[in-house]
Structures are given as structure tokens and as C-alpha cells.
Amino acid sequence: MKARHKRFGLIALGLLLLVIAVVLFTKSFKSNLVFFFSPTQVASGEAPKTGNFRIGGMVEEGSLKRLPDGLRVEFKVTDTAKTMQVQYKGILPDLFKEGKGVVAEGSLNKDGLFVANQVLAKHDENYMPPEAAAALEAAKAQKAKDAAMTNATEGAK
Amino acid sequence: MIPAIGELTLILAFILSIIQGTLPLVGVWKNKTTLMNLAVPTARAQSLLILISFAILMYSFYINDFSVLYVASTSNSQLPTMYRLAAVWGGHEGSMLLWVAILSIWTIAVTLFAKNLPDSFRIRLIAVMGLVSVGFLAFILFTSNPFDRLIPAALDGRDLNPLLQDPGMVFHPPVLYMGYVGFSVAFAFAIAALLDGRLDNAWARWTRPWTTVAWAFLTLGIAFGSKWAYYELGWGGWWFWDAVENASFMPWLVGTALIHSLAVTEKRGAFKVWTVLLSICAFSLSLLGTFLVRSGVLTSVHAFATDPSRGLFILLYLVIVIGGALLLFALRAPNVGLGEKFDVVSRESFLLANNVVLVTAAGSVLLGTMYPLLIDALGGGKISVGPPYFDAVFVAIMAPGLFLMGLGPLAKWKKASIPEIGTRLKLAAVISVVSALLVPSVLGKISLMAAVGVFMGAWIVSTTLILLQNRIKAKQLASVSLLENLKNIPLAFYGMLLAHLGIGVFVLGVTLVKGYESEQDLRMEVNDVAKIGDLAFVFKGAQKIQGPNYISSQGKFVVTEDGKQIALLYPEKRFYPVQGATMTEADIEPGVFKDLYVSLGEPLEKGAWSVRIYIKPFVQWIWAGCIIMALGGLLALLDRRYRIANKNLSSRAEEVF
Numbered sequence: 011m012k013a014r015h016k017r018f019g020l021i022a023l024g025l026l027l028l029v030i031a032v033v034l035f036t037k038s039f040k041s042n043l044v045f046f047f048s049p050t051q052v053a054s055g056e057a058p059k060t061g062n063f064r065i066g067g068m069v070e071e072g073s074l075k076r077l078p079d080g081l082r083v084e085f086k087v088t089d090t091a092k093t094m095q096v097q098y099k100g101i102l103p104d105l106f107k108e109g110k111g112v113v114a115e116g117s118l119n120k121d122g123l124f125v126a127n128q129v130l131a132k133h134d135e136n137y138m139p140p141e142a143a144a145a146l147e148a149a150k151a152q153k154a155k156d157a158a159m160t161n162a163t164e165g166a167k
Numbered sequence: 004m005i006p007a008i009g010e011l012t013l014i015l016a017f018i019l020s021i022i023q024g025t026l027p028l029v030g031v032w033k034n035k036t037t038l039m040n041l042a043v044p045t046a047r048a049q050s051l052l053i054l055i056s057f058a059i060l061m062y063s064f065y066i067n068d069f070s071v072l073y074v075a076s077t078s079n080s081q082l083p084t085m086y087r088l089a090a091v092w093g094g095h096e097g098s099m100l101l102w103v104a105i106l107s108i109w110t111i112a113v114t115l116f117a118k119n120l121p122d123s124f125r126i127r128l129i130a131v132m133g134l135v136s137v138g139f140l141a142f143i144l145f146t147s148n149p150f151d152r153l154i155p156a157a158l159d160g161r162d163l164n165p166l167l168q169d170p171g172m173v174f175h176p177p178v179l180y181m182g183y184v185g186f187s188v189a190f191a192f193a194i195a196a197l198l199d200g201r202l203d204n205a206w207a208r209w210t211r212p213w214t215t216v217a218w219a220f221l222t223l224g225i226a227f228g229s230k231w232a233y234y235e236l237g238w239g240g241w242w243f244w245d246a247v248e249n250a251s252f253m254p255w256l257v258g259t260a261l262i263h264s265l266a267v268t269e270k271r272g273a274f275k276v277w278t279v280l281l282s283i284c285a286f287s288l289s290l291l292g293t294f295l296v297r298s299g300v301l302t303s304v305h306a307f308a309t310d311p312s313r314g315l316f317i318l319l320y321l322v323i324v325i326g327g328a329l330l331l332f333a334l335r336a337p338n339v340g341l342g343e344k345f346d347v348v349s350r351e352s353f354l355l356a357n358n359v360v361l362v363t364a365a366g367s368v369l370l371g372t373m374y375p376l377l378i379d380a381l382g383g384g385k386i387s388v389g390p391p392y393f394d395a396v397f398v399a400i401m402a403p404g405l406f407l408m409g410l411g412p413l414a415k416w417k418k419a420s421i422p423e424i425g426t427r428l429k430l431a432a433v434i435s436v437v438s439a440l441l442v443p444s445v446l447g448k449i450s451l452m453a454a455v456g457v458f459m460g461a462w463i464v465s466t467t468l469i470l471l472q473n474r475i476k477a478k479q480l481a482s483v484s485l486l487e488n489l490k491n492i493p494l495a496f497y498g499m500l501l502a503h504l505g506i507g508v509f510v511l512g513v514t515l516v517k518g519y520e521s522e523q524d525l526r527m528e529v530n531d532v533a534k535i536g537d538l539a540f541v542f543k544g545a546q547k548i549q550g551p552n553y554i555s556s557q558g559k560f561v562v563t564e565d566g567k568q569i570a571l572l573y574p575e576k577r578f579y580p581v582q583g584a585t586m587t588e589a590d591i592e593p594g595v596f597k598d599l600y601v602s603l604g605e606p607l608e609k610g611a612w613s614v615r616i617y618i619k620p621f622v623q624w625i626w627a628g629c630i631i632m633a634l635g636g637l638l639a640l641l642d643r644r645y646r647i648a649n650k651n652l653s654s655r656a657e658e659v660f
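Chain order of the listed sequences is A and B. For the first sequence, this note's numbering gives the first residue as 11, with consecutive numbering after it. For the second sequence, this note's numbering gives the first residue as 4, with consecutive numbering after it.
In short, the hints are calculated from the structure, not lab data. We treat Cβ as the ideally placed atom computed from N, Cα and C, and that holds for glycine. A couple of the hints might just be wrong.
So the derived list for chain A, only partly shown, Cβ under 10 Å to chain B, looks like this [unchecked claim]:
1. 35
2. 39
3. 44
With a Cα cut of at most 20 Å, we get these calculated EDC-like pairs of lysine to aspartate or glutamate [to be verified]:
4. 99/A with 524/B
5. 110/A with 605/B
6. 75/A with 147/A
7. 99/A with 522/B
8. 597/B with 537/B
9. 40/A with 394/B
10. 99/A with 605/B
11. 16/A with 346/B
12. 118/B with 575/B
13. 75/A with 108/A
14. 597/B with 642/B
15. 448/B with 537/B
16. 417/B with 394/B
17. 609/B with 524/B
18. 547/B with 104/A
19. 75/A with 524/B
20. 415/B with 346/B
21. 609/B with 79/A
22. 16/A with 423/B
23. 107/A with 605/B
24. 40/A with 379/B
25. 107/A with 588/B
26. 75/A with 605/B
27. 543/B with 608/B
28. 543/B with 575/B
29. 37/A with 394/B
30. 99/A with 608/B
31. 415/B with 343/B
32. 230/B with 104/A
33. 40/A with 245/B
34. 99/A with 528/B
35. 597/B with 235/B
36. 75/A with 608/B
Chain A extracted, bound-state conformation (with noise of 0.2 Å):
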């Protein structure tokens, strides 16, 4: 085999690698996407039926029950406009704690109700989630809108 001859088929083979590995980072980058949801959007059906996702805010104070197993917990999670009630079985991570942030992963079962398979609470008191930080930011904003709303309309009667 020449030179030329050998390198063009290194240079196919190197090609076809490339596509397969395309293709599969693809469909595995796709699948492994995880979104976030606060309890506003899940509440109003924007969340997905089946299928993991990212819930987050803050755990309601006194909301937290230990089931009789001993092992699964529930307790609600609020952006302060909507709250939904989440179920964990697992020990919790030492940092969560009513009326902190929290970042919950998992799925709706058929009841309605998140059972989550990954609790995030981390690390300081006063550190929130950015993402359920922002959770709260959009109820607030919504709530202000809401507010100026009925105002306006008030204001035109």
C-alpha cells in the first residue's frame, strides 16, 4: 500500500470516528439536560409529566415530616407565591433546614406529587442557590406586577 493510499483511509477512518462521536455526544449532551422549574411554573403545568428536572426555593418552615419507615421525608418547597409538597427518601445533607434554600432533582409521580432523588442544601447559612434565588426574584416580580395590575385596573373603574 503507498503512502497516500494509507493516510486517505486513516483520514476516512478518522472521519467516520468523528460522526459517530458526534452523533452519540449529541444524543447523550440531549438526554442529560436537566431544566429547572420553581414551584410558580410547576404549579401552572409548565413542568414536564415524566422525566427528571430541577425544582428550587425555599423549604416552608414547620413543613418537614418524617414518614413512619423512618427513612422518607416530605416537606414543601415555596417561591412565596406557590408552594409544592416534595417527598426525599435518603438522609437529607446537613445544611438543609426550614426556611432555607434548597435545590431539589426528580420527577412528578403519577399523584402529582416531586419525589425527589437528589436534595441540594450547601454549604453556609446565608448562601442560596442561584437558582432558587431566582425562583423567589420572579414570584416577587410577579407579585409587584400583579399588584400594579389590579391597581391600574382600580384606578380606571
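Given the coordinates of chain A, assemble chain B onto it according to the supplied hints.
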């Protein structure tokens, strides 16, 4: 008073670093010796000033000077001395000061050990280091001054985050930063080479030892971090594809590519442009890592409440450094020339493949890490990329690379023959296939992943050993003993062998822990028994104990194997009153073949606890592999050719353009 001196020395260092970064460059350009001679003294003086400033901050921590805001917010008088000192880098400001302090150590090392370089080159090198320092000092002085005062002083500090009160905190950040910042030297070498128009074998030979040391430190730093996460975070994982982990891993991947590409540049004069580009990328990724960790844009175990204006500053700095370097690269690189030609089958080609694999892997990690930020910045909503993406893509990319690792070092430079390499590797192939079949069946569960992983691990280990045997044969002198022959092989070669063996050990560890670990979350009452295989874990209840700055519930577990007691484990749940924080301290019985891992969840009714029990087979091999890799790097550094080369080559190195 003393903290004010710390601030003053930082300001002086800032001024000196501006001089170090500019006037000598002008001096080289205009050929003015007086200006050129400023480089070394200013570099040493500013480095020394930074180190003094760092020592002063450490002293403020030591004496609990709560009139310093940073000390008051990250330390406490109850904190044990070791952690009080480590608390220096427990927050943002101190971490940045640690960054420049380590840059100072590297700068001083460059002025001391890079003596035998041509003058113009050496001065440019030092000046570029100065410019790197300017940016970081400006950042510290203008946005994150660790010496800001708190008046009146606090009565006591807010304490170090309990998560960081661990021996890992003493080692992980400094060692990791030694690696991160060490790539600034390779970067400075690349920029100086572009400015100087000198990109030859000699340049590669000068750069190699510096890059290798930085790489070895980075390897160790990442391994320490992984180990720490494993025992501290209480869920037994050793790698989470967390954004900040990725941030340290990307420079590692590119740095590994750089080490190999430098070898080609040194030996064959090829890949020059590529090598320079990799040097720039490795450091750029280090800076990006700093940005990701420090700007607080990510949800991560490393993210603390931070100030977005800092993020903007680092981003700006990043744009200037990376943009400037790439611009210079674009202007100068076309003149470099290609170096010697090589056949499609040759060691050069294998090393090229190695580089393609490593850079692609770094690219896919970069994509997964940055994509969520990008989408968020463009207003596309909040998303995250799941670990399965990284697992799948990373393994798929690295697997062919690991296979080629066995072939590459046996191939000849310039032109090699595949049948010849094949003959030499028959034995390795047999050993690997047999292990791939045998090991999973011995461990009791056969899966494709485990078989492939064991094959790769065994392949790397056996080909590396065959490589040594071949090297002895090729250079053998019949007149001397085997030991003498072994002595004649340069240390750099042994370093390479060791590093490759480390990869093999690492791959085996990862495969076996992934394939054969078991984990259980349980509710256990006193004297409950949890059975996992031949092992039985008996919970003996928990009791309160008092630590130096915490109160703890300490559980007791008796572990038996076939009825014989093999371990006593005391996992804890600690409460740190100053920050009102709870911490899980897992207890682990490490072993060569398996780790026993127990951590406490929460207390339930009547003395029962929720408990997490793991068996982690071969998990220690992961970190052992990393340590072996790093030792390989350090061994290569001791090769005498770097010392001799610096003396001789500098005088006869030819100009390339």
C-alpha cells in the same frame, strides 16, 4: 497596626509588579540594559512583599485579631490552631491572597532556577509573570482586600465553615493552587517565546520540567480534593462532575496533553504551534476555574455567597489575558514553521492522537460545565447537565485513548510499524483479556463495563512493564549487570512509566468501585444488624461527646466478617454552635481491597438512627493511582538532562524566525 503593614506591603508589591511587567519588556525591545536589569530585583522584591503580607494575614488569624473583617468572618477563638491557620484560605479574600502568594513562590523559583536561559528570553519570561501578578493584585486591592478593618473589633469571629474544619483544608487548596498557578510559568514561557521569536527544541526542554511539576501538583491537589469529598460529604462519592471539580479537571486534561506535546517538540521539533496554544489554554482554563469558583455563578459545593462585581472583574481579566495571548499567538504563530515530518504510523502520530483525545475530553467537559451558564446568560432559563452526560461522553472519549496509551510509547519516532508493535504486545493482550474475563467472575458479577474497565487497566499496566523490558533489551550492554543497565535508563523514562502505571491503577480502581460498590440507607435500632454479603454491621447505639468547638453524637458499629470482628466504626453527627451548623462525619475502615463506610443520618425515635452503609471495593486505588502519577512527574523532573541541558543548550540554541 500590623494588618496595616500587610496592606501596605501588598500595595508596594502591586507597584513593583507593574514595573516588573512593563519596563523590562521595553528594555528588551529598545535594548536598554538598565531597564532589563530591573526584572529580577523587582520580581524578587514584589514576591517577597506578597509573602510577607500573606504571613501577616496568617499571624492575624493566629492571634485572633478580630479587628480584621476577614478574620472575624472566617475564624473563631475556639477554633483549633491548625484550622485557624488554614482558615486564611477559608474564604474568598484569603484564597486570592493564597493565589498570588503561590505565584510569588513560582516567580522566585523562576528567578533562581531559570538562570541559564538567554537574557532576552529570561527577562521577557519574568516580565510576563509580573503582568499576571498585576492583574491579581489589582483584583485583591480593589475588590477583595483581606485587610479591611472592622471597627470596633468583633468580640469573637463567625467561625470557619464546619465543612472546612478538616485536615483536607490544610492541604487541598495550597497543593491545588500550586498546580493551577504553576501553569502560569508554562504560559509565561509560551508568551516569552512568541515575543522572543524563539520556539525550538531548547525552548521545549526549558519548559518541560516546569510544566511537569505544575502538573504533578495539580494531580495531587485534585486527588486530595476527591478524597476529602469522599469522607467528608458523607455520601461516599469521590467525583461528582460538580462544576468546580470540572474547573480543576479541565486544566489537568489540557496540561496532560501539553506534557506530551512538549515531548514531541523537544525530541522532534514538531507540534510547536500546538504546544504554544496548549500552554495558553492550560493557564486560561486555570483562570476560568478561579473565575467559576470565585464568582458564585454556579450551584456547587464550593460556592459561597459572593459578590457579582468580583465576577465581572475576573471576567474582564480573563478576557484581557486570554484575548491578548491569543492575539499575540495569531500574529506570531504563522512564522513558526512545522518541524520534522513524520509517517502516519509513528510515535508522533500516537502522541497526536493522545492530544486529540485529551483536548476533546476537555472540550466535552467544558461544554457540559459552561452550557448552563451560557443558556442562562442568554435568557434561556435555568438548566443543568447531569452527571450521566459526563460519565458517558468521558468514558467513550477516553477509552480509545487508554488503548493507544499501550501502543504509543513502543512506537518509534518518525516511522513505526504496526505489526512490529503487535508482536511485542501479544503477551500484554493475553494478560489483559484473561484479567478482563477472570476478575469480574471472581468478584461475582459479570458486566461489560467491568470487563472493559479491567481490560484497560490490565492493558496499561502490562504494556508499561513490557515497555521497560524492551527498553532494557534495546540499550542493553552485555558487559554490565542488569542493575547497571537499569541505572543507565534516564529518570525521565522511569517517570513516564510510573505515571502510566498510575493511570492503570486509577482505571482499575474506578472500574471496580463503580461495578461492585454497594450502598444501603437503613433505619437501625440499637443492636440491629445489617447484613451485606459476608459482612454484618451491628449498631451499638450513639452517645454524646464534647469536641473542642462542637458537640457530637457518636455512633458505634461493630463489623464482622464470617463471625470475626474486623472493624469498629465511630461515625459522628456534629453540631457546631457558633454557626448553628450540623456536620456528618463518616467513619471509614480503609483497605486495599475494600473500604467499609458508615455515616449517621438523623436521630429517630427511641435511640434509633437513619444510617448509611457502603462497601467500596478498591476505592483507595483511585487516589493511589493519582499519587503514583504525581510521583512519576516528580521523578521525571530529577532527570539530569534538564540540569545539563540548561547549561549547554542555551548557548547553541538556534533562532527559528
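Numbers of the earlier hints that this structure fails to satisfy, in rising order: 6, 12, 14 and 16
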